[in-house]
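Use the sequences and the hints to build the structure in full.
Chain by chain, the residues:
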Amino acid sequence: MASPTLEGLANSSTNVDDPKLSASSSSRPSSSSRSSDLGERRPQPKLQVPAGLQARMGKKTNSVQELRTQVMEGEFKIKHLGLLGVLVWILLLHVAGIFFFTKGFLLTRMVLDNKSSCKILPFDDSSHAPAWTAGRSDKGCWHQKSFDKAIVIIIDALRYDFTVPFAPSVESEQAHLFHNNIPVLYETAVNEPEKAFLLPFIADPPTTTLQRLKGLTTGTLPTFVDAGSNFAGTAIDEDNLVAQLRAAGKNLVHLGDDTWHSLFPDYFDTNLTRPFDSFNVWDLYTVDNGVTANLFPLLHPDNATKWDVVFGHYLGVDHAGHRYGPDHSTMGEKLREMDQVIRNLIEMVDDDTLLVIMGDHGMDSKGDHGGESDDEVEAALWMYSKKGMFGRTSTETARPPKSPRERFVPQIDLVPTLSLLLGMPIPFNNLGSPIEEAFAGTYGNDVKNLAAVNRLTSAQIKRYQHEYAAARGEDHSLSLGSLEYWSEAEQTFAKGKSDAILRSAYDSYRQYQRGTLEICRGLWANFDVPSMIQGVLILFSGLALLVFYARGLKVNRTELTGSLLTLAGAGSGLGGAVGSVIGVLGFVDMPIIESSVLFAAFGSIIGAAWSIFGSQLSPPLPNSLWGWLSLIFTVSQSIGFASNSYTIWEDEILLFFLSTFGVVAGVSSMRQKATQDRVLGLYHSVLFVLLGRLASFSRLCREEQMPFCRSTYYASATSSTSAPWQLAIPFLVTLIIPAVIKAYYTGSKSYEGTSSLWIGVTFRLGLLITSLFWILEGADDGGWFNVSKEALKSSRMFLAQFVFAIAFGAGTTAYMYAKPCISINVSKGSPDPEKPASPSGQQPGRTTVTILGFGNVYGTRFFFLVVNFGLAVILMQKPMGQGAIGLLLWQILSLLEILDTNALATTNVSIGPVVLGLLGSYYYFKTGHQAVLSTIQWETAFIPLSTVKYPWSPLLVILNTFGPQILSAIAVPLTVLWKRPLQVQEPGKTDNPSLRLLSDVVQAVTTHILYLGTINLATTMWAGHLRRHLMLYRIFSPRFMMGAAVLGVVDVVVAFVGVLGVRWCGLSVGEVFGW
Amino acid sequence: MTSAPPSPPHRTGTSSSSSSNPTQSQSNASASAQAPPPKPPAPAVSILPGQLARVYSFAHPVLLLGLLAVRFKKFVEDPVSELFGDLPVLAGLQVLYAVVCLPPAGAPSSKGTTVESSLGGSEGTVLKPGRIGLRRKHAKEAGISVKVVPALISLTLTTLLATPILSILLVLFGAPLTTHNLETLLCAAHMAVLSATALVYVHGVDGSTWREVWGVGRPADAVWGGALGTGVGAWFGAVPIPLDWDRPWQAYPITILTGAYIGYALGSLISRSSCLYGKRIQFTPEVEEDMDKKTE
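Protein sequence lines, in the order shown, are assigned to chains W and E. Here the first sequence is numbered in UniProt numbering, starting from 1 and rising by one per residue. Here the second sequence is numbered in UniProt numbering, starting from 1 and rising by one per residue.
Simulated from the structure, these hints should not be mistaken for lab results. Even for Gly, the Cβ is constructed at its ideal location relative to N, Cα and C. Just so you know, not all the hints are guaranteed correct.
Estimated spans, in silico, between C-beta atoms of each pair [claimed, not checked]: (1) V239(E) with E171(W): 32 to 42 Å; (2) L160(E) with S403(W): 32 to 42 Å; (3) V80(E) with A805(W): 49 to 59 Å; (4) L160(E) with E171(W): 42 to 52 Å; (5) Q51(E) with P707(W): 32 to 42 Å; (6) V239(E) with P707(W): 39 to 49 Å; (7) L945(W) with L177(E): 31 to 41 Å; (8) L63(E) with Q174(W): 49 to 59 Å; (9) Q174(W) with L177(E): 22 to 32 Å; (10) P724(W) with R247(E): 50 to 60 Å; (11) T178(E) with Y817(W): 48 to 58 Å.
Right, here's the structure in full:
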């Protein structure tokens, strides 16, 4: 390498730095620390002869050097793999911790296998004359049945205020597009009260369809465990109405939403049943048309004997809500269609058939659901019978209530009502009460009947209470308190002959039912505290180790990998063995797998602690203002999650922190000695703050933020489509963002080689296609073109798939094989006029090598990865979110420049990865999300696909939801790679500088994980601590779930995209410049 | 950390390019090139020696807090009119404080020692910090105008430069852009009068001193402590706003300005204590203690 002939070449190769220094404003790092670093290397210019260049120049490298290169490259690869192993271990620890916490935190209810039987009445009636002989299914099992047949229609997301006439609550309020479109329910209930009644029908959250169907058929309360399984439902094995009907030999038909089939497999008549895919929320018509087409033939007298009960499930209203929001003309159209369907049903239904129409949940102001806000839980229930048997007990209840605040029934009340009307036994686990209107008789004075059905229901609840307490093997906490009502009611009922006494017995039974319901509600908030503590302990000790690994380690992290992985592996193996032995011997009350996982986790923590604390450590305390700033951001945010207010206003708080960082960065820039650093630093700091504030105009408010917040993400607060002007945003992104990236590349003369093609052409093309996609989408929504919806849809999907092919197919390939973004010019024999003042006073006539882009080889090369994922994430966002993601990319770049001009990149200060964490969370809120379940944009799964496909659909939703966090996580290695000076081995030394690079990368990455891990631990601990808080399900629990999901996603992305990407970045730079 | 005292003219230009800077800042930037040796930034400022100055320097922050406490109820009821009405009072008090307790710009720096008259500089040279010799010549000439002119100039600069810049900063930190504009402007004006009046009065538009101000690198003294305290106090003042206590005083900008007042009072008093006086905030890892305090 040190051949004398290369001297001149070598000199000139150093000098190529200089034109860049003077050429442009954002060039070579010139902060004081780095300048001296460069200065040191200048006397040994031979170092900088690129190895690849030597080959190109025809200089033969000798075999020793080749061997050395191979050794170092191999070392780089192996150490890199080792670091991946460490990251995977961190991921596994997090998964284990979250699993144990979740297991204890998410509510559990014991499922009793007992089934109610037609022949056995729920009470022992030997004391007085039996009122009813059980087991006569022709007359009714427990009670005189009223109907032989029933048509139960669920109109998904039929909110109560859709069904009643609009009544302004304030003077100037105007009727929305969803008002007054389905008047049939209210009209019949008012005009023919003996034939129909309409009531608000309150759902128990979570308000997802799967959960609601469970509640509507079993009559019991949902538990939180099921909330996440909306994507894949599981069969109900509890006693339920459908199973009872089936057991009684009824022929059941189901039409519509296929969720029913995952809940009740093989319960329905295979010839008549027509299930439809429920998740294509952009399809408003297929399911509804299918249900209608198959429903009405069944009503034909010829087919009357073929079925007993029909369950129909319309999805159009729900999908219209998801897609457009309730205040949209499509919603009105959909509701009018439903109105017509119901009118037709009324006409065709016969006297012995009960007609039930209901919503399973409501929808929030944007048409989404899942949470427990008032709009989401307030559905409507309407029952109709041609023979006229319904009644009202008082004049106050004569008309349907104006709003659910006046009067309502819980959804579980449907189960006993329907069971008794159809002559079925009440399902064993039922906690609901019979609905008064259905049993009060035409004149509303049939107190005897009311008392009888309520006695039956109460008796069944009491039986359930008893069994539950027995199965639980605990004290009779379930029966405490409410039993007094039971005995009181029984006594009253026993002596009761007059209506007044029966009336009071009825009231007592009612009190008993509702009292028990409340007790159960409280009791099933039954947390497994030891398991929660185990989870928190795993997370906490993992985090404590990570603090030392990321911030306190003095040695190169690649050196530690071997012992860390060995000891952690040994610890987990040992722990797993001990755990399984303990599990087998039964010392602990948990399955063997769980105990072995628990002990393995703690074993690996102990092993890793041994390894980490055995090496050189410095106290992991911040040693600069920046360190303190990161600590303050992380810790104050973590503390803030204890308060519902700070959780609600997280987006504003993040903006506050980001602005704080920008201002401090500006102040710090003013302290830099070199004018260039000062000016550039200040410029990028101002830019950083301005961009952040600009992004803040994209917001989607959560309910709790009202009235201090105005949503801008969609066309209006009650819509989930974009306004027409928002469709211009993707085009702006197409225009601006590639140019911005180009400007940052040009700053270090790196817009060379692959980058001009990739960023200037391919990336821009991808963005353009994305813009077209959303134009087509808007055209579809607005009906702008006279093209069939099918054609629009398939062309749209093709465009989206094409963008994905660019981003991930071509992008990944290009990333793996691209050369660094440099261009090397070799000119011989002519003096360079642009370089009049070469410091060495170079004579003309010698070989001059100009390497453009030398100052930022690693950074520009690695940034391709961010560009690729950025394209995919942008495609997955709504137009407003695309603008936000564009701003995010821009802010990431200005952050990198700030880090560079303030000499923060080389010193590995924690602020870079932490601010990236803040950016990720901040833009999560700027892309139309909030820490509530209902803001998950499920419909984005259908951007490139027409049906649900595993595993792609969930991945697409993740890409939409956590896109900003994913992008930020990928950008984390850039905090140490951006404008990193090229390091090659100095002669006479044996260390491998690429290992220092790896160590820096993994330090930055683990710091990022540290930030997210702390947030996750905080939200976890607060959710656990505040588990009896009124706002648990509304605020703390969703935030905990978001934190856990983000941590998991980022762990995976950081390891398998970010750090894995460093491999190709390092290899391709090493190939050109040597090691 | 959010402290942003008023800006000298060159600040707005910095983002575009360095060539727009006034000559003096450039000469400091590339330290060696220019002929006149760069003037070192002003040292920490001491309160004037006299009995009145000493007493009032302690009384002034307390007086401001007292005023805030007395008017707080009105402030909560109608922030805009109250802030508007109080602004002249505050400005008057700040000028009074500066005139009574502080050496005006251009006066020979006290350097912690006693300077009998402490009146210095003729009007013409006050704002030209480069000409030390000229200033020295007139140093002993007493006259009330040497105090009035810097006071007037400081008020002008505070109104014209500091208030808009602080308003912009408030918006950047999340203050509403389309509503509450009067509140933002008045809040910024109060903060500007609190922080910048004394700074301009004492330092004029001395480039190197102001560079230290932008870099939050001034040595601790009553003036700088008050200015930094105003910013840090306002930063912490934002903390209670999101809480759902439904108190009327949680409305913007009441807590921010209250924080600024308290921060000003604390800052100007604490920074005079012997353990802090003259110390500078370090961003770099050398002195850890200061870092800790700075980030409080």
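Check your understanding: Does the structure break any of the earlier hints, and which numbers would those be?
Key -> Numbers 2, 5, 6, 10, in rising order.
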